[in-house]
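From first to last, the protein sequence lines are chains A and B. Mapping to this note's numbering: the first sequence position 213 is 213, numbers consecutive. Mapping to this note's numbering: the second sequence position 47 is 47, numbers consecutive.
No lab work stands behind these hints: they were computed from the structure. Keep in mind that a hint or two might mislead.
[To be verified] Chain A side only, calculated, beta carbon under 8 Å to chain B, not exhaustive:
{"#": "1", "residue": "69"}
{"#": "2", "residue": "71"}
{"#": "3", "residue": "74"}
{"#": "4", "residue": "75"}
{"#": "5", "residue": "140"}
{"#": "6", "residue": "180"}
[Unchecked claim] Covered by chain A, per the in silico footprint, the following chain B stretches (three or more residues, Cβ under 8 Å):
{"#": "7", "stretch": "113–127"}
{"#": "8", "stretch": "136–142"}
[Stated by the list, open to error] Simulated restraints on C-beta separations:
{"#": "9", "chain 1": "A", "residue 1": "113", "chain 2": "B", "residue 2": "202", "range": "49 to 59 Å"}
{"#": "10", "chain 1": "B", "residue 1": "218", "chain 2": "A", "residue 2": "52", "range": "36 to 46 Å"}
{"#": "11", "chain 1": "B", "residue 1": "226", "chain 2": "A", "residue 2": "179", "range": "47 to 57 Å"}
Quick reminder that beta carbons are idealized off the backbone N, C-alpha and C, glycines included.
Number of protein chains: 2
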Amino acid sequence: MSRLTRPCPAFDAALAGLAANAGLGADEVERLRPLCDRLEMWTAGAQIEAPRRTDRFRLITSGWIYEARLLPDGRRQIFGYVLPGDLICSRHGARAAPSVLLALTRVEGVDVPAALAVAPDGRRTPLGDAMAHAVEKQELRGYDALLRLGKYSAAERLAHLVIELRDRLCRVGLASREAFRAPLTQEHIADTLGLSVIHVNRVLRTFRSCRLLTIKFGMVTLLQPEKLERLAAGVAASSAPGGGGPGASAP
Amino acid sequence: MSRLTRPCPAFDAALAGLAANAGLGADEVERLRPLCDRLEMWTAGAQIEAPRRTDRFRLITSGWIYEARLLPDGRRQIFGYVLPGDLICSRHGARAAPSVLLALTRVEGVDVPAALAVAPDGRRTPLGDAMAHAVEKQELRGYDALLRLGKYSAAERLAHLVIELRDRLCRVGLASREAFRAPLTQEHIADTLGLSVIHVNRVLRTFRSCRLLTIKFGMVTLLQPEKLERLAAGVAASSAPGGGGPGASAP
DNA sequence: CGCGATTTTGAGCCATGTCAATCGGAGTGG
DNA sequence: CCACTCCGATTGACATGGCTCAAAATCGCG
Numbered sequence: 001m002s003r004l005t006r007p008c009p010a011f012d013a014a015l016a017g018l019a020a021n022a023g024l025g026a027d028e029v030e031r032l033r034p035l036c037d038r039l040e041m042w043t044a045g046a047q048i049e050a051p052r053r054t055d056r057f058r059l060i061t062s063g064w065i066y067e068a069r070l071l072p073d074g075r076r077q078i079f080g081y082v083l084p085g086d087l088i089c090s091r092h093g094a095r096a097a098p099s100v101l102l103a104l105t106r107v108e109g110v111d112v113p114a115a116l117a118v119a120p121d122g123r124r125t126p127l128g129d130a131m132a133h134a135v136e137k138q139e140l141r142g143y144d145a146l147l148r149l150g151k152y153s154a155a156e157r158l159a160h161l162v163i164e165l166r167d168r169l170c171r172v173g174l175a176s177r178e179a180f181r182a183p184l185t186q187e188h189i190a191d192t193l194g195l196s197v198i199h200v201n202r203v204l205r206t207f208r209s210c211r212l213l214t215i216k217f218g219m220v221t222l223l224q225p226e227k228l229e230r231l232a233a234g235v236a237a238s239s240a241p242g243g244g245g246p247g248a249s250a251p
Numbered sequence: 001m002s003r004l005t006r007p008c009p010a011f012d013a014a015l016a017g018l019a020a021n022a023g024l025g026a027d028e029v030e031r032l033r034p035l036c037d038r039l040e041m042w043t044a045g046a047q048i049e050a051p052r053r054t055d056r057f058r059l060i061t062s063g064w065i066y067e068a069r070l071l072p073d074g075r076r077q078i079f080g081y082v083l084p085g086d087l088i089c090s091r092h093g094a095r096a097a098p099s100v101l102l103a104l105t106r107v108e109g110v111d112v113p114a115a116l117a118v119a120p121d122g123r124r125t126p127l128g129d130a131m132a133h134a135v136e137k138q139e140l141r142g143y144d145a146l147l148r149l150g151k152y153s154a155a156e157r158l159a160h161l162v163i164e165l166r167d168r169l170c171r172v173g174l175a176s177r178e179a180f181r182a183p184l185t186q187e188h189i190a191d192t193l194g195l196s197v198i199h200v201n202r203v204l205r206t207f208r209s210c211r212l213l214t215i216k217f218g219m220v221t222l223l224q225p226e227k228l229e230r231l232a233a234g235v236a237a238s239s240a241p242g243g244g245g246p247g248a249s250a251p
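Please take these sequences and the hints and turn them into a complete structure.
See the structure below:
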């Protein structure tokens with residue numbers, strides 16, 4: 001709702017991210033650069049509307065967004081996150097109000113004009129293809145989320161989410177292999193993973209005492225990335241060494 | 001894999017279903033009818049490939065399909081079902097092997113030629129629009145599934161699934177308000193709802209003793225449709241009368 | 001320095017999972 | 001027609017993961 005126009009920030013990173021996400025050539029990316037003075041901004045907590053037309057996209061250049069359904073009784077299910085380098089397309093805001101997009105932090109982004117995605121003859125440009133590809137990738141993440149909720153234990157779900165976020169942020173240069181910052185409360189995590197806040201806290205404590213993972217002041221630190229990756233893959237972690245073998249469950 | 005060409009079966013019902021699902025005019029539907037002699041068939045258990053091209057669709061005219069990811073250790077998560085009148089598009093079989101489509105029964109369907117979905121000038125025909133719309137509807141169901149797994153109790157999940165299937169089958173004339181047949185084992189249901197087979201059985205027993213729902217010989221009977229609908233909507237069922245108040249949990 | 005939001009902890013309970021066994025129907029072969 | 005087998009449904013006993021309630025500890029902030 002609250003839109004301002006501001007000068008360029010992490011625009012380059014977002015472009016690089018889009019390129020990485022969608023497999024774009026450097027020359028294609030350059031054609032987007034002029035857009036950076038049309039930057040839009042939303043404040044934390046604002047609801048973000050999806051573009052109406054199917055052929056339009058909104059590229060997020062900085063900030064975190066979550067996609068959720070809000071239940072009448074105040075509960076909510078978070079379906080996923082939109083990060084810098086990701087695209088918002090009409091699908092997100094579609095009819096039947098399946099979900100809303102809410103800014104978790106201050107968010108900046110640009111609308112990519114239809115002309116850049118669809119050539120005059122009605123065919124898609126390489127950029128359009130790349131964006132469609134990026135959108136498809138986002139859809140695939142839905143399957144992962146379903147698997148996470150349907151088959152994973154609490155510890156596995158948490159590991160899976162952390163690894164997903166790290167990998168995505170990594171591609172945009174916002175994470176290293178073992179750390180990134182995330183503006184998430186434990187309540188967000190709980191609403192994403194289908195767990196209670198209290199149980200999320202407990203799993204975090206376990207991870208901390210295992211020296212697996214810590215979250216402090218919005219900074220997520222992966223102390224043993226490989227082990228977390230294995231957990232996230234649903235590989236029944238057997239050998240629980242060192243710390244004292246609290247860790248995961250045995251499926 | 002096993003494809004045969006056979007004469008027309010429930011082709012009309014599938015067309016009517018597509019029309020209902022996608023909001024198609026009767027005249028548009030008629031243009032599909034000539035396809036009915038290109039019918040393809042798969043045997044139960046066969047894997048169904050998605051069309052490769054984005055603009056092609058495969059219309060299912062009879063039979064049940066489930067979409068799942070198979071885990072290396074033999075477990076599986078069922079993401080959803082494809083029913084008569086539904087479409088399979090390239091998205092389903094996309095790269096990264098997110099899921100496979102497996103025939104639960106004998107399945108029949110037709111490939112809709114690209115020419116019917118996309119006009120020579122590259123724009124979508126009304127039929128193409130309708131099919132895209134139907135596909136979008138299928139995507140929306142993904143959100144419902146996520147909510148079901150993330151926020152619902154076992155009883156609510158079961159009710160939600162039953163209502164979803166009833167409503168979809170109803171639109172194709174394969175269900176009445178209080179009964180339909182479904183080729184699902186309790187294991188399929190469990191893998192869909194993220195529960196153990198045994199617990200599915202327990203919930204079914206509870207429903208049976210509540211006179212809410214029975215499943216016998218593949219026939220699903222909704223004894224109290226309204227109550228089930230309320231349960232499926234996640235409305236914390238309060239008044240548990242009659243039977244003795246076993247029913248649902250209190251969130 | 002007090003307040004609201006968030007994190008942490010503890011105690012106890014219930015829903016759900018696991019293990020083990022029985023039962024019933026549908027084929028199948030003799 | 002019967003014995004056998006396989007698969008799915010059913011049941012019981014038991015273990016436990018995850019939830020609820022309640023309260024303290026911390027943090028961010030005006």
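Going through the hints against the structure:
Interface hint at residue 69 of chain A: satisfied, since its Cβ lies 6 Å from the closest Cβ of chain B, which is below the 8 Å cut-off. This hint holds: residue 71 of chain A has a C-beta 7 Å from the nearest C-beta of chain B, less than the 8 Å allowed. Checking residue 74 of chain A against chain B: minimum C-beta separation of about 11 Å lies over 8 Å; hint violated. At its closest, the beta carbon of residue 75 of chain A sits 6 Å from a beta carbon of chain B; the interface hint therefore holds under the 8 Å criterion.
Given hint, residue 140 of chain A at the interface with chain B, holds; its Cβ is 5 Å from that chain's nearest Cβ, closer than 8 Å. Look at residue 180 of chain A: its Cβ only gets to about 23 Å from chain B, farther than 8 Å, so that hint breaks. For the stretch 113–127 of chain B, the stated coverage by chain A is satisfied: 3 residues place a CB nearer than 8 Å to a CB of that chain, which reaches the threshold of 3. Counting residues of the stretch 136–142 of chain B whose CB lies closer than 8 Å to any CB of chain A gives 4, which reaches the minimum of 3, so the coverage claim holds.
For the pair residue 113 of chain A and residue 202 of chain B, the supplied restraint of 49 to 59 Å holds, since their beta-carbon distance comes to about 56 Å. The supplied range of 36 to 46 Å is met by residue 218 of chain B and residue 52 of chain A, whose beta-carbon atoms lie about 44 Å from each other. Range check, residue 226 of chain B to residue 179 of chain A: Cβ separation about 52 Å, and the 47 to 57 Å hint holds.
Checked against the numbered hints above, the structure breaks hints 3 and 6 and satisfies the rest.
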